[in-house]
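Colleague: Okay, here's what each chain looks like letter by letter:
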Amino acid sequence: MSFRASMVVALTMTSLLFVSACGGTGTGGAGSSGEDRPFSKLEREARGTTVNISMYGGDDAINAYVDDYVKPRLEKKYDITLERTPLSDTADAVNKLLDEKTAGKDKGTIDLVWINGENFATGADAGLWYGPWAEKLPNAKYIDWSSQSINHDFGYPVEGREAPWGKAQFVMIYDAAKVDDPPKDTDELLSWTREHPGRFTYPAPPDFTGNAFVEQMLYGVTGEFKPFQKPFDQKTFDRASSETYEYLDKLESNLWRSGETYPTSSTKLDELYQNGEVWLDMSYNPQLAQRQVDKGLFPKSTRTYVFDYGTLNNTHYVAIPFNSPNKAGAQVVANFLESPEAQIKKQDPGGWGDLTALDIGKLPQDARKKLTEPQGAATLPTEVLQKNRLPEARTKWLLELQDGWQENVLKR
Amino acid sequence: MGSRLKIALLLAPALVVIGVLFAGGLVAALVQSLGYFPAIGMTQVNLAAYREILTDGDFLNSLLLTVYVAGASTGISTVLAVLAALTLRRSSGRLSAVVFQLPITVPHLVAAVGISLVVSQTGLGARLAAGLGLIGEPKDFPALLYDRYSIGIILTYVWKETPFVALVVLASLRGVAADLEDVARTLGAGAWQRFWYVVFPVISPGIVAASLIVFAFTFGAFEVPYLLGKTYPTILPVTAYNEYRDIDLSARPIAMAINILIAALTAVFAAAYLRFARDLGRG
Numbered sequence: 005m006s007f008r009a010s011m012v013v014a015l016t017m018t019s020l021l022f023v024s025a026c027g028g029t030g031t032g033g034a035g036s037s038g039e040d041r042p043f044s045k046l047e048r049e050a051r052g053t054t055v056n057i058s059m060y061g062g063d064d065a066i067n068a069y070v071d072d073y074v075k076p077r078l079e080k081k082y083d084i085t086l087e088r089t090p091l092s093d094t095a096d097a098v099n100k101l102l103d104e105k106t107a108g109k110d111k112g113t114i115d116l117v118w119i120n121g122e123n124f125a126t127g128a129d130a131g132l133w134y135g136p137w138a139e140k141l142p143n144a145k146y147i148d149w150s151s152q153s154i155n156h157d158f159g160y161p162v163e164g165r166e167a168p169w170g171k172a173q174f175v176m177i178y179d180a181a182k183v184d185d186p187p188k189d190t191d192e193l194l195s196w197t198r199e200h201p202g203r204f205t206y207p208a209p210p211d212f213t214g215n216a217f218v219e220q221m222l223y224g225v226t227g228e229f230k231p232f233q234k235p236f237d238q239k240t241f242d243r244a245s246s247e248t249y250e251y252l253d254k255l256e257s258n259l260w261r262s263g264e265t266y267p268t269s270s271t272k273l274d275e276l277y278q279n280g281e282v283w284l285d286m287s288y289n290p291q292l293a294q295r296q297v298d299k300g301l302f303p304k305s306t307r308t309y310v311f312d313y314g315t316l317n318n319t320h321y322v323a324i325p326f327n328s329p330n331k332a333g334a335q336v337v338a339n340f341l342e343s344p345e346a347q348i349k350k351q352d353p354g355g356w357g358d359l360t361a362l363d364i365g366k367l368p369q370d371a372r373k374k375l376t377e378p379q380g381a382a383t384l385p386t387e388v389l390q391k392n393r394l395p396e397a398r399t400k401w402l403l404e405l406q407d408g409w410q411e412n413v414l415k416r
Numbered sequence: 691m692g693s694r695l696k697i698a699l700l701l702a703p704a705l706v707v708i709g710v711l712f713a714g715g716l717v718a719a720l721v722q723s724l725g726y727f728p729a730i731g732m733t734q735v736n737l738a739a740y741r742e743i744l745t746d747g748d749f750l751n752s753l754l755l756t757v758y759v760a761g762a763s764t765g766i767s768t769v770l771a772v773l774a775a776l777t778l779r780r781s782s783g784r785l786s787a788v789v790f791q792l793p794i795t796v797p798h799l800v801a802a803v804g805i806s807l808v809v810s811q812t813g814l815g816a817r818l819a820a821g822l823g824l825i826g827e828p829k830d831f832p833a834l835l836y837d838r839y840s841i842g843i844i845l846t847y848v849w850k851e852t853p854f855v856a857l858v859v860l861a862s863l864r865g866v867a868a869d870l871e872d873v874a875r876t877l878g879a880g881a882w883q884r885f886w887y888v889v890f891p892v893i894s895p896g897i898v899a900a901s902l903i904v905f906a907f908t909f910g911a912f913e914v915p916y917l918l919g920k921t922y923p924t925i926l927p928v929t930a931y932n933e934y935r936d937i938d939l940s941a942r943p944i945a946m947a948i949n950i951l952i953a954a955l956t957a958v959f960a961a962a963y964l965r966f967a968r969d970l971g972r973g
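Sequence lines, in order, name chains A and B. Residue numbers for the first sequence follow my numbering, so the first one is 5 and each next one is one higher. Residue numbers for the second sequence follow my numbering, so the first one is 691 and each next one is one higher.
FYI, nobody ran anything at the bench for these hints, they're computed from the structure. Certain hints may be false.
Capping the alpha-carbon separation at 27 angstroms, the derived lysine-lysine pairs in BS3-like fashion look like this [claimed, not checked]: (1) B:Lys829 <-> A:Lys415; (2) A:Lys391 <-> A:Lys230; (3) A:Lys75 <-> A:Lys111; (4) A:Lys400 <-> A:Lys366; (5) A:Lys304 <-> A:Lys272; (6) A:Lys254 <-> A:Lys239; (7) B:Lys829 <-> A:Lys254; (8) A:Lys304 <-> B:Lys696; (9) A:Lys299 <-> B:Lys696; (10) B:Lys696 <-> A:Lys182; (11) A:Lys400 <-> A:Lys100; (12) A:Lys349 <-> A:Lys80; (13) A:Lys299 <-> A:Lys373; (14) A:Lys415 <-> A:Lys299; (15) A:Lys272 <-> B:Lys696; (16) A:Lys272 <-> A:Lys188; (17) A:Lys188 <-> A:Lys304; (18) A:Lys140 <-> A:Lys75.
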């Protein structure tokens with residue numbers, strides 16, 4: 005580990021200790037007790053209130069789902085006004101809460117945060133989340149809380165402090181008019197880029213999709229994913245990551261712009277694909293391709309596929325901050341977000357197209373049918389996705405992997 | 691005394707804004723850069739962040755790139771602006787006003803996006819060049835964005851800053867320069883002599899001031915390089931931002947230390963440049 009990384013880890017640990025120590029004395033009361041009111045009482049209390057949801061705002065389709073679908077229904081059904089605060093990065097909200105926690109500010113401004121992974125883990129370590137509450141929601145009965153992919157968020161125990169909202173799965177996208185046989189594993193990808201130099205690239209980590217691609221390569225190159233579900237271990241990491249970076253280095257000279265630069269975000273990569281500069285694209289949203297085809301942005305010959313060895317999937321959630329001024333309202337909103345009708349609408353590729361967090365087997369027949377129907381030529385059937393799921397590695401592995409990418413691939 | 695009080699009162703609101711927002715921000719950044727960040731439990735004051743930055747090759751790469759981008763943008767804009775102002779000074783005020791004031795009203799962000807639409811490899815320029823048969827297909831267009839030489843960034847700055855410098859130069863040219871030049875002509879001075887001995891001394895304070903503003907701005911500006919820059923190395927303000935939004939809060943001192951260094955370097959460059967200009971004026 006480099007000097008910088010070790011210093012950073014040490015500082016993080018001390019800072020987290022400090023913050024949690026403060027939490028115990030100052031504002032910890034609300035955070036530790038959890039929800040004990042019955043849901044009917046929460047509904048009554050929530051009437052006529054405003055719920056502030058802070059969420060990543062970089063995707064128009066997601067914003068439209070919240071503003072045009074969720075918001076009016078909450079207003080009508082529960083007399084709740086939903087205010088959406090867009091974030092460019094969920095870490096901004098976590099930073100804000102962290103500042104508020106240390107300043108002893110008991111009345112915050114955020115009632116719900118859309119979150120998962122390292123942001124949830126950082127916040128949980130600092131005692132930023134209210135709970136437990138999520139397993140007591142009426143609609144929690146549709147969720148398989150015994151599943152590892154629900155009750156652990158990137159390997160971190162959820163313990164009822166966040167409610168599953170949806171699932172995402174990494175997929176590859178290609179243009180069937182230009183590519184006959186898209187590369188289905190790491191070896192094929194290497195030879196494909198040699199045959200088609202400049203026609204492939206990936207977003208630079210720490211972009212979310214870029215991180216996922218590098219992780220996907222880690223699984224592919226090493227041929228295993230189980231070691232990375234365990235707590236971080238430097239020896240395993242050194243061996244596995246050097247193999248991965250070596251592979252990515254080999255890939256680099258045949259990437260778009262000869263790997264001299266990388267797209268800074270998945271949106272940029274989508275634009276390159278849209279303009280025909282690259283022939284393969286990738287997304288953590290299996291419905292993205294269909295959505296872009298329907299909008300006329302991607303060519304009609306666009307198809308989605310998964311690697312033969314499977315692709316990453318994870319769950320995303322909503323959490324309630326310790327200092328939310330409207331915890332009752334937040335839970336009513338979370339419950340609505342988990343309802344079959346809201347989940348069916350969410351999975352529509354014409355809109356957001358996000359996979360459901362609900363367990364298909366626990367749903368009534370008609371809802372089940374609506375969630376499993378095929379949704380267009382550019383999508384994959386739900387069964388294919390489900391059969392090819394790989395779990396995300398634990399956060400620490402990912403952080404090391406993306407830091408190392410900067411040193412070993414980008415800067416070389 | 692009454693008038694002094696009046697001046698002080700009139701200046702107070704502006705000074706308060708500058709004092710609180712600018713000096714306050716600078717002090718807060720300085721404090722955090724020294725590792726004092728009680729919100730996450732860091733209370734030890736030390737120079738660790740600076741030591742780390744200064745011993746790190748990445749910072750040097752970023753610094754060189756920043757100096758290069760700011761220097762090239764300032765140099766090119768200044769030369770173009772002086773040439774343009776000299777050409778346009780005899781024209782009617784309206785034409786030069788339109789030509790030069792229009793780009794000034796366009797935000798840098800919009801300018802950057804506009805430039806990228808024109809010079810990207812799938813952009814207007816590439817398609818036009820391919821259509822005219824200058825290049826085989828749009829993809830063969832030279833890479834001007836996210837490139838090693840930061841051409842996209844410099845182009846945007848030149849487009850934005852040239853009119854600014856030109857307006858300042860034009861203003862000083864429209865003053866006494868024309869009369870003095872006529873006098874010089876009647877005394878038999880040639881075109882080059884008139885420029886070098888009469889016009890240039892009149893406009894040089896304006897050029898110095900305007901180009902210094904441009905340099906200081908491009909040295910510390912964030913949005914254009916953020917949009918059009920390469921993934922690595924990034925110019926200093928982008929490097930600082932990347933550290934700032936690191937998921938790990940303890941990277942904050944490093945981000946702040948970079949910001950402090952940007953401020954310090956800009957001040958050093960400005961002082962050196964003003965001194966150089968003064969010597970030039972004396973010489």
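Colleague: Hint by hint, say whether it matches the structure.
Modeller: Hint by hint, here is what the structure shows:
1. Distance check on the hinted pair: B:Lys829 and A:Lys415 sit about 25 angstroms apart at the alpha-carbon level, within 27 angstroms; holds.
2. At most 27 angstroms may separate the alpha-carbon atoms for a hinted pair to count; A:Lys391 and A:Lys230 meet this at roughly 17 angstroms.
3. With a C-alpha separation of about 24 angstroms, the suggested pairing of A:Lys75 with A:Lys111 holds against the 27 angstroms cut-off.
4. Between A:Lys400 and A:Lys366, the direct Cα distance comes to roughly 33 angstroms. Violation of the 27 angstroms bound is thereby established for this hinted pair.
5. Among the hinted pairs, A:Lys304 with A:Lys272 is consistent with the structure: their alpha-carbon atoms are about 20 angstroms apart, no more than 27 angstroms.
6. The straight-line distance between the Cα atoms of A:Lys254 and A:Lys239 is roughly 23 angstroms, inside the 27 angstroms bound, and the hint therefore holds.
7. The hinted pair formed by B:Lys829 and A:Lys254 meets the criterion: a straight-line CA distance of about 23 angstroms does not exceed 27 angstroms.
8. As the CA atoms of A:Lys304 and B:Lys696 are separated by approximately 71 angstroms, the hinted pair breaks the 27 angstroms bound.
9. Distance restraint check for A:Lys299 and B:Lys696: the Cα-Cα separation of roughly 63 angstroms exceeds the 27 angstroms cut-off, and the hinted pair is therefore not satisfied.
10. Among the hinted pairs, B:Lys696 with A:Lys182 is inconsistent with the structure: their alpha-carbon atoms are about 75 angstroms apart, more than 27 angstroms.
11. This hinted pair checks out: A:Lys400 and A:Lys100 have alpha carbons roughly 22 angstroms apart, not beyond 27 angstroms.
12. In summary, the hint linking A:Lys349 to A:Lys80 is supported, as the alpha carbons are separated by about 17 angstroms, within the 27 angstroms threshold.
13. Between A:Lys299 and A:Lys373 the alpha-carbon distance is near 25 angstroms, which keeps this suggested pair within the 27 angstroms criterion.
14. Restraint check for A:Lys415 and A:Lys299: the C-alpha separation of about 37 angstroms exceeds 27 angstroms, so the hint is violated.
15. As the CA atoms of A:Lys272 and B:Lys696 are separated by approximately 55 angstroms, the hinted pair breaks the 27 angstroms bound.
16. The suggested pairing of A:Lys272 with A:Lys188 holds, with an alpha-carbon distance near 23 angstroms, which does not exceed 27 angstroms.
17. In summary, the hint linking A:Lys188 to A:Lys304 is supported, as the alpha carbons are separated by about 21 angstroms, within the 27 angstroms threshold.
18. With a C-alpha separation of about 23 angstroms, the suggested pairing of A:Lys140 with A:Lys75 holds against the 27 angstroms cut-off.
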